[in-house]
Each structure stands twice: as structure tokens, then as C-alpha cells.
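Residues in the sequence shown are numbered consecutively from 1137, following my numbering.
Simulated from the structure, these hints should not be mistaken for lab results.
There's no promise every hint is true.
[What the hints assert, rightly or not] Cut-off 16 Å, straight-line C-alpha distance, at most; resulting in silico cross-link-like pairs (EDC-like, lysine to aspartate or glutamate):
id, residue 1, residue 2
1, K1326, D1357
2, K1267, E1322
3, K1368, D1173
[To be verified] Pairwise CB distance ranges (calculated):
id, residue 1, residue 2, range
4, D1199, R1162, 21 to 27 Å
5, E1292, G1256, 21 to 27 Å
6, K1285, L1315, 36 to 42 Å
7, L1138, D1169, 23 to 29 Å
8, A1205, K1353, 20 to 26 Å
9, R1243, E1343, 21 to 27 Å
10, K1222, E1292, 24 to 30 Å
Even for Gly, the Cβ is constructed at its ideal location relative to N, Cα and C.
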Amino acid sequence: MLPRIIARLDVKAPYLVKPVNLEGVRKVGIPGDFARDYYEQGIDEIIYMDVVASLYEYNSLTDLVRETARNVFVPLTVGGGLRSVKDVEFMLQSGADKVAVNTAAIRNPDLINQVVNAFGSQCLVLSIEAKRRPGGRGWEAYVDCGRQKTGYDVLEWISEGVDRGAGEILLTSVDHEGLCRGFDIELGRKTSEICSVPLILSGGMGEGPHMVDAFTKGKVDAIAMAHVLHYKKFTVGELREILEDHGIPTRRV
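Please take these sequences and the hints and turn them into a complete structure.
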């Protein structure tokens, strides 16, 4: 699989928002409009994350997902507030290609097995919000937009999630998210060493070298970004050119 460039759209319905460290959201625009624009530019995939789903305990993006599925023809992942096989089925029927689960999987790890048994590994993305422990003692998995500790070690949780059948990992560095100072390369590298399924690294994209480092030093399979796309710092085509210039092949569009 070629390295992938993924647009991450955090949504507080009906608006696309941009948080920093997964907190303090700022309205950016209408998410469906941005998704269509990124598709037309040649993005590889799109992720919608409902950033208030854990507060209300349900995903409010159904209409948005249906609209996007009619206009955007790249893989679409939807996360936030999906707590059961029934929730997942409904979102897949609404047009999502994959679903991302975090809080519900932490509370009930068997949910991973249940979703995989029902729909297959290819549609289940285990989403993990990682914060570095004090003193550099690894990373802890968080929920509720990086506010609530879980006690789970990130590397151990990834291993368990993959063993249970998760087909992909979406790994967000809470410490780096929204700061545009670069990805947590050590987190990506340590995770890639033990992860046998595709790994998406999110949080920190600001400059071209950040993206190159994520692929070459972090050894990840894909990167998800928001700020640089939402605020038009780069086009998708420009990002592809940067990667190609550094010998990193991308999908032809």
C-alpha cells in the first residue's frame, strides 16, 4: 500500500472545527464543502470525527455522512460516539466505509471483536489519543478529547486491539495536535515497530519536512492532517509533490 495523505475533519455539528491539543475548538466552515474540495484535489481518504460525541454519547454526523457519500468517492472513516454493533451498522449503511472507535472500545474491548465478526477487520479503525507520560515513560491512552486518563499503555493497547481484529490504527498525539510543530516521530516509530496493521499518525503537521519525517523516520503508513489543509497552507497536490521530491511514492491522481 502506498503512503496515504488523509484529511481529518473534526466536526461539532453542523460546523467543521479546529481544536488545539483536542481542546478549544474554533469554527472553520461547513464540513461537507471542505470534504468535497479535498476530494477534488486528490486526497486519499477522509476522516470525520464528532468531537462532542463523548459528551452526548451519540454520533450526530449521519446526515453529513450521507451527503458526503453522494459526492465524495474516496474511503470515508467516521468516528465519535459509536458504542455498539448497531451504531456501527447504521453508520456503514449511511455511507461510511470504515468506523473509528475509541471510548467505547476502552470501556468494552469486546466491542472490537463484535464489530470485526459482524463486518470484517477492514472497516474497524481503533482510534487512540496518546499523551506522553511524565519523564518520558511511554504514552498513556486517553479518551474524551484527551481529557480523561484510561490507565492503558498505548503500545499495549494497540497490541491488544490488533489481536482482537482491528484493521487499522488512528494514533493521535494529544501533545502535538494543533501546534503545527511536527508529528511525534518517536511515538510513530515505537508504534510501527509493534503494529502489524496500517498505522495512521495524526497531530502536528505544519511544514513539508514534518510529513516527510513521519514517513521516513516514524515509519507510519499514513498521516492525517487538518490545519494545513483547512487554512490552505498546502494543497493536496503540493503535498504529493513534496513527498515525491523526497522519494516517497504516492497514489497517482
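Problem set entry | Hint check, failures only | 6, 8 and 9
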